[in-house]
Amino acid sequence: MLSPRSFNRLVSVLLYCGVALLTSSCADAPEHDTFGGDLEAAERALRELGSSTFDVISFNVGAGDYVEARYGPRFSSYLYVVSFTAEIRFVRTIDVPEMPAMIESYRESQPQPSRIERDVSLLGFVGAGKHDAASTQSVQGAAVFENVESGWRFSIIDPRPDLRRLIEESRM
Amino acid sequence: MAVSTKWKLRWKLLAAGAVVGLGFDLATLSSRPLMVVAVVLVIVGTLSFIATVVGARKEGIVYQKRKEIGLALGTASLTLLLVGIVSIAVRVGPRHLALQNQGYDAALGWAPPDIPEKVGQRGQQIDNSRGHVVTIGDSILYGHGVSDTETAAVALEELLDGHQVLNLAVSGYSIDQYYVYLKRVLPTVSPKLVIVGIFAGNDYEITGLEYGWGHTKPLFRVEGGDLVLHNSNLLADNCIDHLAQSLLFRVLWGDKDRALDLIHLFCDPAKLRPEALEQVIAKIFKSVEDDAHAHGVEVLFVLLPLSNHLRMWEREWTYRNKYTRLRQLLEDGQHEYYEFYPDIVRAVGVHDRGSIFLDGAHYTPRGHELLAASLARVIQERDLLLD
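For the protein sequence lines, the chains are A and B, in the order given. In this note's numbering, each residue carries its 1-based index in the first sequence increased by 49. In this note's numbering, each residue carries its 1-based index in the second sequence increased by 6.
Accuracy of the hints is not assured; some may be wrong.
A short, non-exhaustive set of chain A residues, derived as facing chain B with CB atoms under 10 Å [said to hold, decoys possible]: (1) Ala118; (2) Tyr120; (3) Gly121; (4) Ser126; (5) Arg156; (6) Ser158; (7) Gln159; (8) Arg164; (9) Ser199.
Distance windows between CB atoms, simulated [claimed, not checked]: (10) Glu153/A - Ala300/B: 43 to 49 Å; (11) Leu235/B - His81/A: 28 to 34 Å; (12) Asp338/B - Arg164/A: 17 to 23 Å; (13) His81/A - Glu229/B: 23 to 29 Å.
No wet-lab data here; the hints were simulated from the structure. Keep in mind that this is a model prediction, so the values were computed, not measured. Ideal placement from N, C-alpha and C gives every residue a C-beta, glycine not left out.
Use the sequences and the hints to build the structure in full.
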């Protein structure tokens, strides 16, 4: 039989093993695949937003990072958020209203979701006010990809380059 | 010196107790690697506790009282074990799953009772002298938080001359249950139009699970292009129902996230990943439409937003629900659908959400009225209710 002292030592060793196991389990392998999405989809989305309003002269992708958007009981999406900057040239003069004026304009018409979403995106990317034809502007934002079985599916472009932090901090 | 030894002993006992406690806490997280760690910690902590007691100095109080301590710990552990077993064995039903006017159902999980000439969770009397419009969905269209006379279905009936609007929405249902329930009631009510309310808050996610709100529900997969049920008899004894409806969970549902963690840990429920799930949802949308058309009935899907949807200047919500994916699936399937949120923006702007939403999802009586007016307008614009 083990003496109490030896038993104590054995238990101490087991305790250290437990702590070591706990530490290693904290560094779980990520539950998402390594990013391999189509970054050009983000540029296409920006061009689509600008159709008949602005051209995209240059498009540069910046740093990207993984983020898990958790919501509700036990639901989550694995996202890859990559920032970008772009140079755009307006093809016509536009006047982008501030959000309150934009919302007010919807009261007088039957707004289509596509129109609302385009208005909100345009306001986010180019800002409110008058933008003259042929003028250029630098815009920035983030492209979001979701991890699905077949890889990384492009979701959306968002006019906020610090989107990753915002998603992590936001709560339903 | 004696005081120092006594404190040393106390700290050892405390540390051992903390390790056991940490082990039990980790055990409640639904992670299998952490479960292994939890078991190790509980065993190590217990052994450490015993070793401290056994190894205590013979003149110490712990050594002298070791039998009493052992007896007390043994009795407490045995009692805890017995209480745990009994509280899991006794089924009382989950407190949070309000099965008002409903019973358990082998095909749906839960459903309104099958009473002749009555339908829905509100036990609505069928009036066969009028044509019918059917609304189907979850607690949003059912009208959680409002009275029988304040629902969108009642308001819509007033706007649709000569038709009875039957509210077949059931609290907690998801897209798969809309399909199964509609299939069941279509031959009985013979409607002219079916309105399916798709709630962006959780319809997508729960359709991909074999349980919803602590109760088993149908889970479909697409195999060879057909919908195949993963679980056919929902009344058969199963881990989820047994655990979720136990006496133990009657207490645990106070912390819904933790309760669901435990269900996942012990029952490992089936869950579809995004693309497989979207295949199922797309197929259900098509099947709902095919079944309805086979009965000569039109279908209108309406996308119901969360109140956060109106926070358009900050779009974090976009990443915490599947509104846009549901819309894409309806678009891809070329289904007759429309979105309700522009009408809310038009009616109250984006700041007065409280006049439309009771909480993040359900509508106030005014919200139901607005939804009814919105539905009536779309039905008229698209000629969906032709005689």
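Evaluated hints:
1. Ala118: With Cβ-Cβ at 4 Å, under 10 Å, it holds.
2. Tyr120: Constraint on Tyr120/A satisfied, holds at 4 Å.
3. Gly121: holds (6 Å)
4. Ser126: holds (6 Å)
5. Arg156: holds (6 Å)
6. Ser158: Ser158/A check passes; min Cβ-Cβ to chain B is 8 Å, inside 10 Å.
7. Gln159: At 7 Å from the nearest chain B Cβ, Gln159/A passes the 10 Å test, so the hint holds.
8. Arg164: holds (9 Å)
9. Ser199: holds (6 Å)
10. Glu153/A - Ala300/B: 43 to 49 Å: With Cβ atoms ~46 Å apart, the hint holds.
11. Leu235/B - His81/A: 28 to 34 Å: Holds - the Cβ-Cβ distance for Leu235/B and His81/A, about 30 Å, lies within 28 to 34 Å.
12. Asp338/B - Arg164/A: 17 to 23 Å: For Asp338/B and Arg164/A the Cβ distance comes to about 21 Å; the hint holds.
13. His81/A - Glu229/B: 23 to 29 Å: holds (26 Å)
The structure is consistent with each of the numbered hints, conforming to all of them.
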